[in-house]
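Once you've looked at the hints, dock chain B against the given chain A.
From first to last, the protein sequence lines stand for chains A and B.
Residues in the first sequence are numbered consecutively from 1, following our numbering.
Residues in the second sequence are numbered consecutively from 1001, following our numbering.
In short, the hints are calculated from the structure, not lab data.
Worth double-checking, as some hints may not be accurate.
Unchecked claim - Some but not every residue of chain B turned toward chain A, in silico, with C-beta under 7 angstroms: (1) I1384; (2) T1385; (3) A1397; (4) L1414.
Unchecked claim - Below, simulated DSBU-like cross-link-like pairs (lysine-lysine); rule was C-alpha separation at most 30 angstroms, straight line: (5) K48(A) / K1446(B); (6) K75(A) / K1440(B); (7) K1295(B) / K1447(B).
Predicted, not measured: the structure shown is a model, and the values here were computed from it.
In this text, a Cβ means the ideal position worked out from N, Cα and C, and glycines have one as well.
Each chain, letter by letter, is given below.
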Amino acid sequence: MRLFILGFYFFSATLFAATNPEGCGQYDINGVIEYSKAESSYIFVVNKDSLSEYRFLINLQDEIKIAPYIERSTKVRVSISEKMEGYSGKFFKIEALEYTAADPLLLKNSSNFSLVKKEKCKK
Amino acid sequence: MIKSFLIILSIFTSVKVQAENHFVVMGGGGEPLSNPGTQFDTSLENAADFYKDNSENYTTIINFNGGHIKTDKIIDTNFKGAVIKPGFSAENYKAIVNELIEKLKSDPPLIDRNQKILLFINSHGAEAKKDQQTHNVSASSSELVDMSEKGLNSIDLDSLSELSKLAELRGVKLGIIDASCHSGNSLSLGNSKTCVITGSGPNHFAFTNFGDAIAAALKKGKNLEEAYLEARKKVEGEGFPMISSIAGQQTQQTLYPLLTPYMYFHGEYRGMPLDKIDKYLFNVDAGELICKRDKQFIALQKLIDLAEKVNAFESKGFFGFKKIEGKIDLAPLREKLLSYKKTQDDYLTRIKEIDLSTLDKKEDIFTDYYPRGENLTSHKDLLITDYEKIIKLKKEALLDPSLTASKTEELKKLLIFFERSQEIKSELLVKYPQYAQRAKILEEIKKDEKITSKIASGITKEAHKAYTAYYEALSRENSENANPCKDFVL
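One chain only, chain A, in its complex shape:
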């Protein structure tokens, strides 16, 4: 009976599109910048410590820009020009950054993606 009721709710539910980075383009993303010793590079971590953690490699060219935001809750506007491999990706370019409030909701494991402009992937 419970299975039927669950099924009833699923079929009648309206599924809204998730705003995860399924394609290339310009995105606003909340997360935190950390250093990855494995990559010898800074990365942008989204949904940290969760089952849907994303990790984006940051280009060396953007490191000067990101320096004041390291290890702080940050929102970035970025271009993603390559398809992701699972939960790993790469930022082509960081357009802008801003701090987000230190808040239990916006902890390292809390974030969201917002597509600003869809673009064709280069790879």
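Same frame as chain A, now just chain B:
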């Protein structure tokens, strides 16, 4: 085939004829998956007591948690017979709310004016964004229904606005309990049929047991106002619960803005700074703030005096002897407020003496590889950046024998740049001694025991007496007006 159809039809119709009061428990998001449970589990267990006592009268939906074994066990053990939608995700939340909306919209409505909807939401909560009516709450970080789903990690409660308006239109009683941090803005969902109870004000965390207490206070026969007042008496910690009744709104509008600075504190939560007091002390013109605060504090003291007076009344005892009854003692509140104000004023006086107007000034950092004009960095950003750590990591990276020549070249250029930035930062600290003073004050605030959550929660606890005095007096004044919180009888 016919047999299957009849079974399905009987289930469907049996669902339809069940009591169409609805009780929805949502939340448990934003917690590390490495923990077996969530900090919201006690409120879930307490809500389960209400469910068990009222399961025949309420269709109950549990959309809580996502990936915590202990919490899942609480749900499985205590909510047998309820509809369980595992994983508090944006998709599940929207499906539940839309389902309720559709039931209200249907013709004839599947929820009518004789029925009630009670939503209980307990999760981490954010401050409202600009132009947001309510605020966001944290979703579970995984979607247990489908592991490949990667939904939003936070949920905008503005979507409850349509539910609230429809409920009012249809004459259906709706109760919304949002026990999360910064939940005060959710009061805007209230109307003549919708009662809203929040765990705190819009500017403060709800690091209290209010979620547990309000869930425990939900008892058949009690109304939501009674449950709220009962829970509020038991609150421990930092938070300022609120209610959307007229008396509540008037009390909150009177007391909350004036108490707000004295409910800020410095603390940490899972390694992240909780620095509302830092922002408050540093982000406004200290001189202007000192003036404003003094006036506001005088107003607050008058309110405290009035709270004592409205709560006291004369009564005639034996032989016509007059006595004052119902007197509340707000002396501890006065004392704590005076003490905390002095602490904050001392910091403000020091901050006022520091000229921080140059923080936005920019320095042009250039090297042989990064030309002039390309990297203008503000003093604020230079001060906040840990160049020593960055330089250390760059030097370590350069030791990697597998580096390509081009990457080595890039790393060296960056190392030189960051070393130059560090030099400039050191020069600024000498040239502008006020920066070191500012850093020193920030460090002091972090360690000052007079600015901790213990101080803020002590004030909140004593302020509760003033709140109750005002609330009761204003309730008497507004007894003729509609009160959806009193009308919502569990």
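Structure-based check of all given hints:
no.: 1; hint: I1384; in the structure: 5 angstroms, holds
no.: 2; hint: T1385; in the structure: 5 angstroms, holds
no.: 3; hint: A1397; in the structure: 4 angstroms, holds
no.: 4; hint: L1414; in the structure: 6 angstroms, holds
no.: 5; hint: K48(A) / K1446(B); in the structure: 26 angstroms, holds
no.: 6; hint: K75(A) / K1440(B); in the structure: 28 angstroms, holds
no.: 7; hint: K1295(B) / K1447(B); in the structure: 29 angstroms, holds
Consistency note: the structure conflicts with none of the earlier hints.
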